[in-house]
Each structure stands twice: as C-alpha cells, then as structure tokens.
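The chain contents come next:
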Amino acid sequence: MLVDNNNGTPSSEQGLSRRSFLHYSGVALAGAGLLVACKDNDGPMNPVEGEVNLGLGDIGILNYAYALEQLEAAFYIMVAQSTVQGVTAAEMALLADIRDHEIAHREFFKNALGSQAIPALTFDFSSVDFTKRDAVLGTAKVFEDLGVSAYNGAGRLITSPDYLVLAGKIVSVEARHAAFIRDLISNGSFADNTVVDANGLDKSRTPAEVLGMAAGFVKNNINFSGLPK
Amino acid sequence: MNILHIIRELTNSDPELLDRLDSRRSVMRAFAGAGKKATMAAIPVMMGSMFQKAYGKTNDTVTEILNYALTLEYLEAAFYAEANKVASTLLPSDPARGAIKTIGAHETAHVKFLQDAIRSMGATPVNSPVFDFTAGGTFSNVFTDYTTFLAVAQAFEDTGVRAYKGRAGEITGGGALLEAALNIHSVEARHAAHIRYMRRNAGHSAGLKPWITGKETGIGAVVQPIYDGEEVTTQAGINIVNINGLTISSNAASEAFDEPLTKEQVLAVVSLFIVS
Numbered sequence: 001m002l003v004d005n006n007n008g009t010p011s012s013e014q015g016l017s018r019r020s021f022l023h024y025s026g027v028a029l030a031g032a033g034l035l036v037a038c039k040d041n042d043g044p045m046n047p048v049e050g051e052v053n054l055g056l057g058d059i060g061i062l063n064y065a066y067a068l069e070q071l072e073a074a075f076y077i078m079v080a081q082s083t084v085q086g087v088t089a090a091e092m093a094l095l096a097d098i099r100d101h102e103i104a105h106r107e108f109f110k111n112a113l114g115s116q117a118i119p120a121l122t123f124d125f126s127s128v129d130f131t132k133r134d135a136v137l138g139t140a141k142v143f144e145d146l147g148v149s150a151y152n153g154a155g156r157l158i159t160s161p162d163y164l165v166l167a168g169k170i171v172s173v174e175a176r177h178a179a180f181i182r183d184l185i186s187n188g189s190f191a192d193n194t195v196v197d198a199n200g201l202d203k204s205r206t207p208a209e210v211l212g213m214a215a216g217f218v219k220n221n222i223n224f225s226g227l228p229k
Numbered sequence: 001m002n003i004l005h006i007i008r009e010l011t012n013s014d015p016e017l018l019d020r021l022d023s024r025r026s027v028m029r030a031f032a033g034a035g036k037k038a039t040m041a042a043i044p045v046m047m048g049s050m051f052q053k054a055y056g057k058t059n060d061t062v063t064e065i066l067n068y069a070l071t072l073e074y075l076e077a078a079f080y081a082e083a084n085k086v087a088s089t090l091l092p093s094d095p096a097r098g099a100i101k102t103i104g105a106h107e108t109a110h111v112k113f114l115q116d117a118i119r120s121m122g123a124t125p126v127n128s129p130v131f132d133f134t135a136g137g138t139f140s141n142v143f144t145d146y147t148t149f150l151a152v153a154q155a156f157e158d159t160g161v162r163a164y165k166g167r168a169g170e171i172t173g174g175g176a177l178l179e180a181a182l183n184i185h186s187v188e189a190r191h192a193a194h195i196r197y198m199r200r201n202a203g204h205s206a207g208l209k210p211w212i213t214g215k216e217t218g219i220g221a222v223v224q225p226i227y228d229g230e231e232v233t234t235q236a237g238i239n240i241v242n243i244n245g246l247t248i249s250s251n252a253a254s255e256a257f258d259e260p261l262t263k264e265q266v267l268a269v270v271s272l273f274i275v276s
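Respectively, the protein sequence lines represent chains A and B.
Each residue of the first sequence is one higher than the last, beginning at 1 in the numbering used here.
Each residue of the second sequence is one higher than the last, beginning at 1 in the numbering used here.
Watch out, some of these pointers could steer you wrong.
What the hints assert, rightly or not - Partial list, computed: chain A residues near chain B (C-beta under 10 Å): (1) A89; (2) E102; (3) H105; (4) V148; (5) S160; (6) A191.
To be verified - With a straight-line cut-off of 20 Å between C-alpha atoms, the simulated DMTMM-like cross-links for lysine to aspartate or glutamate are: (7) B/K101 - A/D192; (8) A/K219 - A/D162; (9) A/K141 - A/D192; (10) B/K112 - A/D129; (11) B/K112 - A/D197.
Said to hold, decoys possible - Covered, in the sense of this in silico footprint (three residues per stretch, anywhere, with C-beta under 8 Å from a C-beta of chain A), are these stretches of chain B: (12) 91-105; (13) 228-241; (14) 256-264.
Source of the hints: derived by calculation from the structure; they are not laboratory data.
Here the structure is a predicted model, which means the values were calculated and not measured.
All C-beta atoms, glycine included, are put in the ideal place defined by N, C-alpha and C.
The whole structure should be built from the sequences, with the hints applied where relevant.
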C-alpha cells in the first residue's frame, strides 16, 4: 500500500512569498533593461496547473531531497509488495530494509519542512516489471546512483551547516544502497568506473539533470527554478 | 576521507575562514564552472588555487592540514596495497581480488588528489608514516586471514564515511572543494557497503548488512569507538522510530542515517595503526 504523505501543503504563505520574490526580480530585471530575460522565467511567472514548486534557497533544496526520497520510497514500497522472480528471501529482506530507510528519509524531510513541504507526488512505475529481477534491480540502480549524485551536487547549494550535515548523513546511506544494488546485479560493480572517476571521485549531478532523469517516473511537473544555482 | 578534517582545522585556527570563503564565492563558482569543462585531474590544482585566494599568505596552515589529511589517506592506500601484494594467498577468489584492487586504486587516487592539491600550493606533501596494520598485534593475522582482513577493512571504511561528516558543516558554501569532499565521501560509503557484503557472503558475519545497524561492530571491542553514536534514532529533534505512525523499527531508524565522528574519535582509532 502506498503511504499517503500528503498533509495538505504547501501553504499559501509559501506561494505568496514566491510571487513576491518573482515580482521583485521582475522589477529588478526591468530596471536593468533586461526585461527580455523574463522570457526564461515563463514557468514560475505563470504557474502550471498542478505543478509542484520546490521553493527557494535551502527550503527548495530540502524539498528537492524530499521529492527524491518520495520517489525512492514509492518504488521500494512497490518492490516489497511484489513477488520478484529470482530474488531470494534474504535479498528481499535487505530490499525491505532499503524501503524502510527511504520512508524514514521521506518522513524526516516532511516533518522537518513542516508547512513548507511540497505535497505528496504521484509516480508512474508502469515501465517497470516488478516481477522481474533485472527490471527491479536495474531501476533501483538508476534511482540509487541518481540519489547519490543528486545529494553530491546539491551539497554546495546548501547554506545551512546543519542541513548540509543532515544531507551528508543520508547520502552515505544512499551510497551504501547503490553499492549493494550494484553488487546484486554484478558482484564487484559497487564503485565501478561508470560512477567513480580516475581521481576516485563519485558523480555529482545538478537538480536539472536529476529531475530530467527522474521525469519519466514523476507525473507532477516539478518547478525547480527557485533552487540556488 | 579527510578534506573535511582539513577544513575543521582551518576553521579552528582561522574562525573567519567561512566569511572569507563566502566573500570569495564568485571565485569558487568560477572554479566550479571550470571544473565542469576541465579534466578532473585539474581539480586539485583549482582547489589549491582556491585556498590561496581565500588565504592569501596563510598557506602554511592549509598545507599542514592537507598533509594531515594525506596522512590518513596513506593509511588506507597502504593497507590495500599490502593486501593486493598477497592477494593470491589472502583473498579467496576473483570477485574478492577484483574488489580489493578497485578499492585500493581509489584510495591511491585520493592520495594523489591531495598530493596534487598540496603541490599546487607550492608546498611539499608529507611522507607516509610507518603503519602497523596488526594494531600492535590485535590483528596479527590481518594479511594472512581473510576474516581479519575484511574486519579491519570495514573498520577503516566505516571510519572514513563518518570522518567526512564530522566536518561537513564547516565547509558549507565551500563550492568545488565541498563537492570534491562529498564525491570522495560517497565513494568511501560504497567501499564500506561492499566490504560488509563481502563479509556477509563469506559467512564471517551472517547478519551483517551493507548499512550500519545500531552501533554493532561485527569486529570486536577494540574498534567500538568507530561505531559508538551510530545507534541514534533522532535527527534534528525528529524521532525516526515509527515516524508519523508508520512502522520504522529502531534498527531501520539507525541504519537510515550515518552519523558523524569527531576528529578525536578518528585519531583514537587511527593511532592504533601508526608506528611512527
């Protein structure tokens, strides 16, 4: 069963503050004679019906993380409900562990964000055959590597040391998941050269890259234009 | 595993570091942009340049801390280099040998990364200490017994993961430097998970998981300090156990978040393996 994590947010206050910010930005741009630049902001200036706006600054980053954790939790909830051919009971127990970790992350962000949290997103996993080991693990690998690169790329955008440490506490668990899933697919691929470069460094991805890769699984249109660059 | 240590040392000795880094944000962004275009090999040079710009003439402090970090990287790199020398007798099969080779190559790369950063500042990297991977005889068969070897490897990797986080908050806004630190941090976590999985598969520690449950060591009391504090189930004042009425066990709540380790805790463990 999918857990309903919608608490009726975001608040109208968030929307108002966002509009105020954009209004201010528009004035500033116009004053600088750069009105044409507003064309790039058509999205946020004309909100799409039902779109989810992550918000600004650190709150935006936390909502970004919250969105990714929602995606992962929803996926592993589906996995744990499924009879996946070729997955042993011991492996399934560890996949259920991951489900619980992702739910813990999701609910943590929801509570930490409080009234600033985005609503529950809607996902589409119709492209995944949850009865097939290869499909389940292959999708899990994409999500875990994506999560690691997302946190690695977002760290520099966070201004609060406390939030940065919290993100650090989570990203290493995501990396543990990624390594485990990869080893289930091919033992020894936990940190192969598709994710770790010649300097021994893992990947980073920008929010635009991450949300682009996740878009096929997310029904909502996610507006991330307020995230720090 | 040590860039965050570096920055902690920097901010301890120079409380205005973060302010100064902040005022240099545009510089760091410039580096970040360059990093996307340049080869990764150029990153250490850019890191060094960033330090120089942030510190002006106080590079000595930065160099000292980079060298401290390098020392800790030497530990891991030397550990795996030693293991790889005796792989045919220590490690049971090709999957294990391949994994230790991979991990060793990453640690060696981290060493070079820091050495390059130090040299790019016009300084000289320290030499490696002399290590005793038996920790004074506690792990006397570390390079002859697969079980012991993996246990010590796990201790090093889990320490690395925790050591990063202990300093993360202090390079908030650290641009390319912070990003590089995070990129090493998650690699250490991948290593830790794999070593744990190797132990589990080898039957050395049947219930061991790729993630840390409570504060279990699976290796013994001598390295308990590496795991103390991992058992917490509250984050930022939010109780994770059964959060929002959902079934989240205390084990899962502890596993879901890796915890920071202080410099003192790290040194207490690492010093067991350093002779001089």
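Okay, the hints, checked on the actual structure:
1. A89: violated, 14 Å
2. E102: It holds, given that the least Cβ distance between A/E102 and chain B is near 8 Å, below 10 Å.
3. H105: holds, 6 Å
4. V148: holds, 5 Å
5. S160: holds, 7 Å
6. A191: Where the cut-off is 10 Å and the nearest Cβ of chain B is about 4 Å from A/A191, the hint holds.
7. B/K101 - A/D192: holds, 11 Å
8. A/K219 - A/D162: Violated, at about 31 Å.
9. A/K141 - A/D192: holds, 13 Å
10. B/K112 - A/D129: Not satisfied, since the Cα-Cα distance of roughly 44 Å exceeds 20 Å.
11. B/K112 - A/D197: It holds: about 13 Å lies between the C-alpha atoms, which stays within 20 Å.
12. 91-105: holds (count 6)
13. 228-241: holds (count 4)
14. 256-264: Satisfied; 5 residues make the cut.
In summary, the numbered hints that this structure violates are 1, 8 and 10.
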